[in-house]
Amino acid sequence: MEETVNLYLQDSYSQDNEIQVVAFKLGKEEYAVDILNVQDINRLLNITRVPRSENYIEGVVNLRGNIIPIINLHKKFNLQSEGNENDKRVIVFQLDDLKVGIIVDQVSEVLRLEKEDIEETGKVYSSINAEHIKGIAKVNNRLLILLDLLKIL
Amino acid sequence: MKMDMSQYLDVFLEESKEHLESLNQRLLDLEKDSSNINALNEIFRAAHTLKGMSSTMGFDDLADLTHHMENVLSDLKEGILPVNSTVIDTIFQCFDRLQMIIDQIEANGSGTMDNRDLINILENIKTGNFEAAATIEQEISTPTSVSIEENSSYQDSFAFNDYDITVLKEAASRNFTIYNIKIAVDQGCLMKAVRVFMVFKALEEDGEIIKSLPPAQDLDEGKFDSNFEIILISKATIIDLEKRLTNISEITVLYIQEISVDSLISQSNSAIMNIENKISKHSLDTMDSPRSHKVKQTVRVDIERLDNLMNLVGELVMHKGRLEQIGFSYKIGELNETIEQIDRISTDLQSVVMKVRMVPIEQVFNRFPRMVRDLARDLNKEVDFLIEGKETELDRTVIDEIGDPLVHLLRNAIDHGLESSQERLKKGKVSKGTVLLRARHEGNNVYIEVEDDGGGIDTNRVIAKAVEKGILTSRDAEQLSREEAIELLFNSGFSTAQNITDISGRGVGLDVVKNKIESLSGEIFVDSKPGQGTRFRIKLPLTLAIIQALMVSVQDEIYAIPLSSVDETTMITTTDIKMVQNQEVIMLRGSVLPLYRLSDLLSVPGLSEADDMYVVVVRKAERQIGLVVDGLIGQQEIVIKSLGRLLSGIPGLAGAIVAGDGHVRLILDIVTLF
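Which chain is which? The protein sequence lines are G and W, in order. Heads up: the first sequence is residues 18 to 170, going by the numbering used here. Heads up: the second sequence is residues 118 to 791, going by the numbering used here.
Quick caveat, the hints were computed from the structure, so don't treat them as lab data. Be aware that one or more of the hints could be misleading.
Claimed, not checked - Part of the chain W face toward chain G, derived, beta carbon under 7 Å: (1) Ala288; (2) Asn292; (3) Val775.
Stated by the list, open to error - Taking lysine-lysine pairs in the DSS-like style, the calculated list, with each CA pair at most 30 Å apart, reads: (4) W:Lys586 to W:Lys546; (5) W:Lys352 to G:Lys116; (6) W:Lys646 to W:Lys544; (7) G:Lys93 to G:Lys45; (8) G:Lys105 to G:Lys155; (9) W:Lys286 to W:Lys243; (10) G:Lys151 to G:Lys93; (11) W:Lys507 to W:Lys543; (12) G:Lys105 to W:Lys437; (13) W:Lys286 to W:Lys360; (14) G:Lys116 to W:Lys437; (15) G:Lys116 to W:Lys544.
Positions of the beta carbon are idealized from the N, C-alpha and C atoms, including for glycine.
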C-alpha cells in the first residue's frame, strides 16, 4: 500500500560485522528490528477487529491475500501512544512461517549498525520487559533497543 | 442407465503414469541394492494401486497382470523369495508391458492385451521355479514377427465390451431392435460434424446410440473421411428411420440393417483378437508413431503457484477498489470507464482462479457405482450403494489424492464389512447390504464417510491376528480397549481377511489410506458396532474451500455465516421479543426460538437503536437458534482462509475471508459460537 519505505536505498553490500535495521518509535523510546525480518510497512488501514481475542490483538489485515494479525504493543506493554496519529504505521514481519504486524508510532529510518556497537544485554532499563530485548545499540547520540520479535509474540 | 467412464480416463491416465514413473525409479533402486526394503514397499504399493485403479476402470488385463505382479512382490517383501536378477528382469518386463497397455489405452480408450506369457513367468517365479521362468523369458525377448491381416471390414472394427453387450441383451429382451446403420456424408460438405449431430439427433428421438465408428468424439470433431457407422437400439422401424434420415441434407444412407445380439458378440470377439494382433505389431515396430489426440490436454500445475496467483488476484481486486474510490471522488469520466473494464476483468479473473482450485467431489464419486457393482457381483453379495453430497466442493489437491483411499475403504466395506446374503438373513437383517458414501462440509472441514451395515469389526480376530503377526505381544493384547484394537487395523502389514482375494485383504489397504489422509493433513476415524456395521470417517481440512455464505452486518462490522448452517432469515421488531427465564425469545411459526444478539456474543462496540432487526435462524446440532443482526448484506461465494497460528482456536470463528474491497471479514463458526 502507500508509502512503502524504500529498504534498498542504500547500496546493499553486506558485511559480517554489520546489520541493517529498521528503526521506529514506540512510546518515548526508539526501537529497531533486523531488516531481514521486515516484510512490509503500511499505514493503519482496514484493520478488522477480531472478537474474543487477546486485548493486545488490534485485529487482522489483508496483505496480498494473506491474513495478518496486528499486535498493539502499546496495549501489551502499557505504553503511552506518542506523536501524530498520521505517523503511525504497521510493520509486518516474517518470522519463519509466521507473519505478524505491530503498530508503531513512527518509522524513523533504515540504519546500518556495527555489531560492536550493539550491547548484548537484557539489563538495560526500558518500558518493555527485558526478556523481549536482544540488545542495545548506540548510534551517535541515540539509543536503539533491538527487539527480539519471537519472544514478543 | 448409461455409465460413462471416459470422463475419468484422463485422471486414470495421469495417475497411472505417475505410478509407473515411481515404479520405474524404485525398480532401478532395487536393482542397485536388492536389500532396499523401502523400494520394494513402494513398488508393491504402486502395483497395488494400479491394480485397484485399473479394475475400477474395467481394464481387466491390466488388473490381472498387476495382480500377479503383486503376488510375487508380496513374497519378495516377506522374504519368501530372493530378490535376484531373474525376478527384477521380469518385473521390468511387466513394467514395460504395463506402459504399453496404458499407452494403448491413451490412444484407443481401451486396453486389451494377452499377458499370459508374463503371468506364466510370474507364476513360475512364485513357485520358486526360476529356471523355467528364465527360459520363457528368453523366448519372449526374441521378438517374433507377427503377421497382421489388414482387415478393415466394418464388422471387425466394432469392439463391444461387457457393458455394451449387457446393454444390447437388455435392449433385445425389451423388444428394442438393434440396427447397424452406415451413412456417407457428401464429399463437398463443409461442416461434417453438424451433419453428424443432426443424424444423432434424428436417431436418438426414440432410441439410443450405443457405439459409433469412428467414436463419437471424433465424429463430433469432424475427424472422419466420409462414412460412419452407428449401432442403434430403437423401437422405430427401418422405414421410419430411413424417412427421418433422408430429411437431412448432404448425407446418403448407405444401409440400415437389423442385427441380432449374438452375431454382434461373436463379431466383437473376433474384433478383439484382431486388435490384439495389431497392437503387438504396434508395440514391436512403431512405438514412436504419433499418438492420437483423443485425450484432453491438461497441465498439472504446482498448487503453490495457484496460491500465489490467488493472492495476486486478491491484491489486484483490492487496489481496483481503491482506484474506484479515487475515480468516484475526483469524478473523472475516462478513469471511471477504464475502471469499469478493469472491474469486469478482475472479477472474471478472480472467479477463474478460484474455480481452478475447486472441484466437486462428484468427479471421484461417480466412478464408484460401477466398481461397487462389479465387486458385489464378484463376491456374490447384494449391495445397495448410496451416494450423498457429491456436489461438495473440494480443493483440487484433495480431489486428486482422495480417490485411492476411498477405493480401499469401499473395497473393505464390501469385502470385509458386509456379510454374505445368507449370513445376513440368518442374523435377521435384510439380505441386501447397504454401503453409504457421503461427503459434507462441517465447520472448517469436509467429512467423507464410508458406512456399511455389515458385521462390524471383530476385535478378537483383529487382536489374534496382530499377535500372530508379531505386532503386539499376547500380554499387551489383553489390556487393549476396543478402540485401541481397531487402531491396529491401520498398522502396516495387517489384514484380517481370511483369504487373499483379488479385491482386497492384503493389508496394504488401511495403512496406505491412513498415510494418504495424513499427508493431506486430515484424520481418519472408525466407529464400529458389532453386528451393526462400520463407519470410516475421513476429516479433511478446508484450508481453501469455497463455500456459500450469508454476509451480515452488526454496527460497523460485517461477518460471514456459512449458508450450510442457516435455515432461514426473518425480520422482527423489538415488540416481537419476549422474555422467558431471562432469555430473549420469539415465536416462529408456533415454536419458541431463543434469540442471541450477535453484538453481545462478539462484544461489538456501539449500541444499536433500530427497532427493526433481522434474525438469522441457524442450526446447532439439531437445535434452532435465532441470531440477531442489524442487516443482511447478501449471499456470497467465499474462500475460507485460516486466521493463522496466533489466532487459531478462538471459539466462534471458523476463519477469515478477504472481501472484494480488500477488507478482511471473519467467518462465524456456529457450532462454537454459543
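Are the Cα positions of G:Lys116 and W:Lys437 separated by 30 Å at most?
-> holds (25 Å)
Have a go at the W:Asn292 hint: is there a Cβ in chain G nearer than 7 Å to its own Cβ?
-> violated (62 Å)
For the pair we were handed, W:Lys646 and W:Lys544, check the Cα-Cα distance against 30 Å.
-> Judged against 30 Å, a Cα distance of about 14 Å means the pair holds.
Hinted pair G:Lys105 and G:Lys155, Cα distance within 30 Å = holds (24 Å)
Restraint status (C-alpha distance of W:Lys586 to W:Lys546 at most 30 Å) | violated (33 Å)
Pairwise hint evaluation, G:Lys93 against G:Lys151, where the allowed Cα distance is 30 Å at most = Distance of about 18 Å is within 30 Å: holds.
When the least beta-carbon distance from W:Ala288 to chain G is tested against 7 Å, hint result | Violated, because the Cβ-Cβ distance from W:Ala288 to chain G comes to roughly 55 Å (cut-off 7 Å).
Pair hint W:Lys286 and W:Lys360, alpha-carbon separation not exceeding 30 Å | Holds, because 27 Å separates the two Cα atoms, which is no more than 30 Å.
CA of G:Lys93 to CA of G:Lys45, is that 30 Å or under?
-> holds (15 Å)
Mind checking the alpha carbons of G:Lys105 and W:Lys437 for me, to see if they're no more than 30 Å apart?
-> Roughly 25 Å between the alpha carbons, so the hint for G:Lys105 and W:Lys437 holds.
Does W:Lys243 lie within 30 Å of W:Lys286 when you go C-alpha to C-alpha?
-> Violated, because 40 Å separates the two Cα atoms, which is more than 30 Å.
Holds or violated: W:Lys352 with G:Lys116, Cα cutoff 30 Å?
-> violated (69 Å)
In the structure shown, a violation is registered for the earlier hints numbered 1, 2, 4, 5, 9, 11 and 15, in ascending order.
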